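S.K.: All chains, full assembly: derive it from the sequences and hints.
4 protein chains.
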Amino acid sequence: MREECGVVGILSTEGEDVSSHIYYALFSLQHRGQESAGIATFDGSRIRVHKDMGLVSEVFNGDKLKLLRGDRGIGHVRYSTTGPSTPENSQPLTISFRGGTIAVAHNGNIVNSTKLRRALEEDGHIFLSESDTEVIAHLLAKELLRKDIVDATRELMKRLIGAYSLTILINDTLVAIRDPNGFKPLCIGKVNGTHVVASESVAIDVLGGKLIRDVKPGELLIIEEEVESYQIVRSPSTSQCVFEFIYFARPDSIIDGKLVYDVRLRIGERLYEEYGIEGDLVCPVPDSGVTSAIGYSLASGIPFLEGLIKNRYVGRTFIMPHQRLRDAGVRLKLNVVRRNVEGKRIILVDDSIVRGTTSRRIVQMLRDAGAKEVHLMVGSPPIIAPCYFGIDMPTREELIAAHKSVEGIKTVIGADSVNYLSLEGLIEAVGIPERRLCLACLTSRYPVEVPGEICVRRQVRLTHF
Amino acid sequence: MREECGVVGILSTEGEDVSSHIYYALFSLQHRGQESAGIATFDGSRIRVHKDMGLVSEVFNGDKLKLLRGDRGIGHVRYSTTGPSTPENSQPLTISFRGGTIAVAHNGNIVNSTKLRRALEEDGHIFLSESDTEVIAHLLAKELLRKDIVDATRELMKRLIGAYSLTILINDTLVAIRDPNGFKPLCIGKVNGTHVVASESVAIDVLGGKLIRDVKPGELLIIEEEVESYQIVRSPSTSQCVFEFIYFARPDSIIDGKLVYDVRLRIGERLYEEYGIEGDLVCPVPDSGVTSAIGYSLASGIPFLEGLIKNRYVGRTFIMPHQRLRDAGVRLKLNVVRRNVEGKRIILVDDSIVRGTTSRRIVQMLRDAGAKEVHLMVGSPPIIAPCYFGIDMPTREELIAAHKSVEGIKTVIGADSVNYLSLEGLIEAVGIPERRLCLACLTSRYPVEVPGEICVRRQVRLTHF
Amino acid sequence: MREECGVVGILSTEGEDVSSHIYYALFSLQHRGQESAGIATFDGSRIRVHKDMGLVSEVFNGDKLKLLRGDRGIGHVRYSTTGPSTPENSQPLTISFRGGTIAVAHNGNIVNSTKLRRALEEDGHIFLSESDTEVIAHLLAKELLRKDIVDATRELMKRLIGAYSLTILINDTLVAIRDPNGFKPLCIGKVNGTHVVASESVAIDVLGGKLIRDVKPGELLIIEEEVESYQIVRSPSTSQCVFEFIYFARPDSIIDGKLVYDVRLRIGERLYEEYGIEGDLVCPVPDSGVTSAIGYSLASGIPFLEGLIKNRYVGRTFIMPHQRLRDAGVRLKLNVVRRNVEGKRIILVDDSIVRGTTSRRIVQMLRDAGAKEVHLMVGSPPIIAPCYFGIDMPTREELIAAHKSVEGIKTVIGADSVNYLSLEGLIEAVGIPERRLCLACLTSRYPVEVPGEICVRRQVRLTHF
Amino acid sequence: MREECGVVGILSTEGEDVSSHIYYALFSLQHRGQESAGIATFDGSRIRVHKDMGLVSEVFNGDKLKLLRGDRGIGHVRYSTTGPSTPENSQPLTISFRGGTIAVAHNGNIVNSTKLRRALEEDGHIFLSESDTEVIAHLLAKELLRKDIVDATRELMKRLIGAYSLTILINDTLVAIRDPNGFKPLCIGKVNGTHVVASESVAIDVLGGKLIRDVKPGELLIIEEEVESYQIVRSPSTSQCVFEFIYFARPDSIIDGKLVYDVRLRIGERLYEEYGIEGDLVCPVPDSGVTSAIGYSLASGIPFLEGLIKNRYVGRTFIMPHQRLRDAGVRLKLNVVRRNVEGKRIILVDDSIVRGTTSRRIVQMLRDAGAKEVHLMVGSPPIIAPCYFGIDMPTREELIAAHKSVEGIKTVIGADSVNYLSLEGLIEAVGIPERRLCLACLTSRYPVEVPGEICVRRQVRLTHF
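Protein chains in written order, with the working numbering: chain C, 7 to 471; chain L, 7 to 471; chain B, 7 to 471; chain U, 7 to 471.
Everything labelled a hint here was simulated from the structure, so no lab data went into it. Since this is a predicted model, take the numbers as computed values, not measurements. Don't take every hint at face value.
If several chains are the same, the list does not tell them apart, and a pair holds so long as it fits within one copy or across any two.
[Said to hold, decoys possible] Calculated pairs, EDC-like style, for lysine to aspartate or glutamate (alpha carbon to alpha carbon, straight line, at most 16 Å):
(1) 316 / 293
(2) 216 / 374
(3) 196 / 22
M.R.: Shown next, in the form of structure tokens:
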């Protein structure tokens, strides 16, 4: 599973160039996308863009940042899921039209993008890429010909179904938009005289700034000297992605008022409360299981101890050269600290189980090292359904929990027990009411209409102001 | 501080090509050197080499490994400290001479290299590089003209002063040598029919093999179908690098019989025993302080909790573009989890203090986030003297503890207290007798003669068998 | 002066993959653009594209060509003149719209592109780039919604003013279009069962094929099993670029029925006929002056001899490091064969004079080498006006002949005489009637309306069939 | 056939940095080696080197040249023939020894290198590469321990058999050495206060300097404020490579007093004198046949006309993707100007025939284009034996003339006649007495002892002064 994107929007009220700020902010969001990176700034007369394949530190250097003049701009990191990953698909996406130029950075996925695209094509629109972001840009541009930014955004939100946290330059105006469901996080902060909008609060932290608040679902921010807020859509229920808390976001981020670290700690605590399984040590699957393992340890009093060490140099380009050594795969990433696990009853804590293959290999490694018992504590309920809102996830067929009972999964993985956090436990750990969460991958009930899937909130009428 | 090198030597008794094994092993030793990587194999008739600047995963690919035919070979990863880092300085170093061809992979530093080199030059020897490894190769080659491998190694050991864990191909013969002081680690293991010698046992683990034992200080191994051992030098005292345990080695490695993880845990426990400082949480400086922090937590009962999160994408090429943002430096690598530290008394655990600048910034970040108290627990005694045995360390002038009292350091760093582990505590935590450890950087008393430094064991006569 | 682009379109009637053919063809057109290269093929169900910055041999390799499946496709090489040269601006440009997908390769420049673009924007069109090619694609797509290819092309031609030799994939249909003025060359040939359309006939030669004929100005070709021709616009006068003959095209190309080599020979002959200047040798400025120099030699009987040798390794990345050596500039590219010129009266033949700086330096080099007289014979009349039709040329201010008399130019250049070919001589050498040539850069009278310039054929009404 | 290397040595008597001069000089010698490039300078205290794989313009940039401080230095371009081409084999080669540091740039090949190397190895010498240049460096260093530069060079020359034009830095002393046979060219010139030694005089020209004279076979130059000359070996006969005149050297170079351009012109004239073949045009195989074709035209009165055009972008990386198109090979490089050759009797002039395959394809192309007759005039006698002195040439088996009569070659190539220049004709054209030329590849009689070959001058005793 991978997050697909991170976005940033920055404006200096003191006329300072912001490309370096955006660069730092993107760097702190690198975990949200490692495939391409880009920055667009408005330099006083026109929008400048630089984007390319690669990590933020590879795509940019001092010279390139210097060329990106301007006191306002947006940035994007991307991990693409569909189609060939090419420089052309990297963002920000820029378009020019009668009303000027628009640059868009998008995190999320538009569910009805094909339909919207077809309608726009019927209307004569022409597209240069396959991306749903180009559809957003076209819709927005079209509306901006007749309406001001607020009304155009209202029209845009009427049309789009799905996830979209956006930072946009409309000529010289920086705006931020979060979809009415609030699928993907977006927050705003301030660093001295500089406004910062970003996918996660760590992007504000890295600049030495202060998180002010989350952008609300359905909200439009127009960021000038002051930040104007427009609650375009007000909805009784939202659907914030629960997996941001479980896995995607950095633990030091605060999302929708909740510190991710806290949530993960509570997940660990809840796992102990729900199952009460005892053991000799609580051992995380690094890095994603660490915080919940600490929580389990705190709740249970069982010592937290690392039984698995991660190789910090596992990167994008690693090859598996030797047929007979291919099962070295997991060992290259993880190594067992034998003496920590030998003869021990292990409480193994991981954030989730997707296909089950990695879990199976880890359990095997622990057993090979002499673990007496391995109890796998999973920081989420079973993942039984795919995500359509911007997470790169295997198909339903590949999701082990879509086809197997917990007992069956236990057999496959070879653990002494496999213990999923309950849905209630998860919701409580997150601390956000169920009606404000997207739990689709755990319930197979979707918060918006997705062709071929059950929509749980079909009846909900969004109110457009 | 950086480790300078890692070495590997592998021989398959079943005639299998070993380049992939070496590649995996080097990958697991990547933390010992990220600047260049290389592999040399004996293909049945000659030695083949590929080496270049870059990470293991960048230097090699499937095609290159396939060309490195042969059932025996050596490998090297390197971080260079002196002079320009160039492809020519990468290892294995190969030389040809009357007796054939030699390929050498070296971890360590020869203290009397300049003197030896001058003597060899007097003798007519000609060098192509500045490296002490070329000196080793020349000495060895010279002796091999008149002696067999065992006697030649004996002569070599008589001449070399300093640190050298070596894996060497002498034509078709794979040998491993560890200096009589045993400065740098070296161990041997087996994976089915394959012998593996490596700087750390993780290189054996990654291949799914079993650690057999450490190569002994002063020992020569000739690795064939069977491994022949020759204790070339027997010495009443050795000087194994204590910082391998404190910082350099991977926690999952077993060095000289001691699991590094255990040592680091005990360091944390000892720190609590020695100072008994209480607080609201034990917070590690990631990643190197994590294990000792767990130890402190276990000993004290104070909860282990992460107050600092590390950005996993901090790499080699990052630039600091904006003058005013340059102090973002530490924030790019580390971010505070504010709610974990706000209003709290923090037990902050780090492995060591070198210059003190990073510690000062981290303490400041914690204070800015509202920490009530910050007590810095340091997993080693003060570093007061430079290393001459293969560690890249600042000069004596730059070492904060070489010039300041603990009280002075506390003032500079701004912590409520700075608490260094005692030398006795460290020795006890490591579990190896003091006379077998190199503690020079902590005591300024060197185990071998180094010009301008005090030598504590000058009188010790190595016995050459 | 640089040509901006070359285009190719290939269809195999035997179902063979054509990406390799396109690759070879582009390679033979590399002189028309060295900045980026691209290929698009229709693979039976969709259009595939690969394009990037670099030479044809750098952008493509065997793997990439293999991925470009399909029995029909187009290719493009590009030298960009305006704006930053980026991967996104490389061609073929692909768009998708209600009618499917279009890929366009364009050689030329649309004079009224800004106006058309504005009109399209008024109409709601949205653009992703600044290029006139995107305007062409939009116009074409728009018309294709209501009309078939022939009628859509007719509408397109009604709107576009300027130069456009196009190869286009409209879904699975390969078409070729040449503007009614015929500014840029375009020809069609056949290689066994494969149709080839290309900017120059050398692209057909390289495939071992046969040139059939030029695409006529105003003609549309729909290339299927058979090639259908539609004379969309019939015009009494055309304006084929005369500089293709003088300088841009390869000498072995046949353009509009004329072998470029022949034209250049005749230019040399005419220069002798017009001026009758005698000397000891005829010396070309390599490479562009060679053929005309041979012509001069043949006509005059004066021996052809190389007095200047060109360094074949002058490339894109050369740097001029040393202030004092910077005047080595011309010497790096050209060296005098002293003994061939010493004490001699040199007939120096070049294709044209743009700024005059290179000519001045060459004359100086010849004089320094002891040339007694240097008579510069120029294969074109004075260039006095800029090109708006796809050639990268200095501004009017920089053109030496726009401001100086021939006498003045002679003084600047330092030659004993400077002898421009007469306009009549040039026209006769080309062998195409004046009313069919674009001579704008030589006469400052433009064949189509260009804002701020004199249009000589304003009255001409194009007839659209 | 490819030349293997070019060398440069430059010293500024005015204390100016010379790295830029060397860079320019190497650039003008790029035709002598395109695989790697390097520069070494003496900066006042030590020798600095930068070298890497690639063209001169790729290996160096402004920053790198700036780092290469010093008023004296050497440079090298290389095309390697044996073994893998690696950065380590690039030159200048530097060694350090008791006497200091030596940097060597070598053009040529040492015939007895293996024997010398073995002797040195017997003597305890150790080598890091396979190159004969390292052998030269060792021998020189060894002698310098006991002797001054002049006497050491004398000893060196006594030992080396083969070709060696050398530029060397011995600590701060720049020297140039040409072997007693004078196989490879070497000349000296002056640019203001700067001494320049180089493989060809074009390297002096590019700097705006004046060729003074050739370095004599057997001469040592010590280049300081003044240039000291030592005729170390005086030999009644030398053996300058005749193929430098026929093919390798740039036409604008003056080698051993002969302008290469003149020689090639005379070769063309001689070919007409020897065979008197008439035709409709004289057509060169570009680029190497051009000058001789002009000579043939001047002698015969038959017009010089290009029937073949070369693609200027044929480079190192070109791939041949399509099986069926592979015979496009020659067409990619050369294209026929059909109208120039159709129905014509072609006098086709090439410099030499090696394997015959390219000639065969060119003749076929001309015939396909309708040539009535093709008479191939070859600017050298048949190549019947390999070169051991620094030219990359096919084995004897692959040389068509080693196995076939002229009649047989004619049949293979398919020309109406194949006409080789006579040996006498060649010698006369070059203008150097036979006893001063190496004609081994044309006669199979070698000027020095080569194992397995006939040595024609075995009896000649070199006189060492």
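S.K.: All hints, please: hold or fail.
M.R.: Now the hints, each set against the structure:
no., hint, result
1, 316 / 293, "both (8 Å within a copy, 11 Å between copies)"
2, 216 / 374, "between (48 Å within a copy, 11 Å between copies)"
3, 196 / 22, "within (14 Å within a copy, 54 Å between copies)"
The structure shown violates none of the earlier numbered hints.
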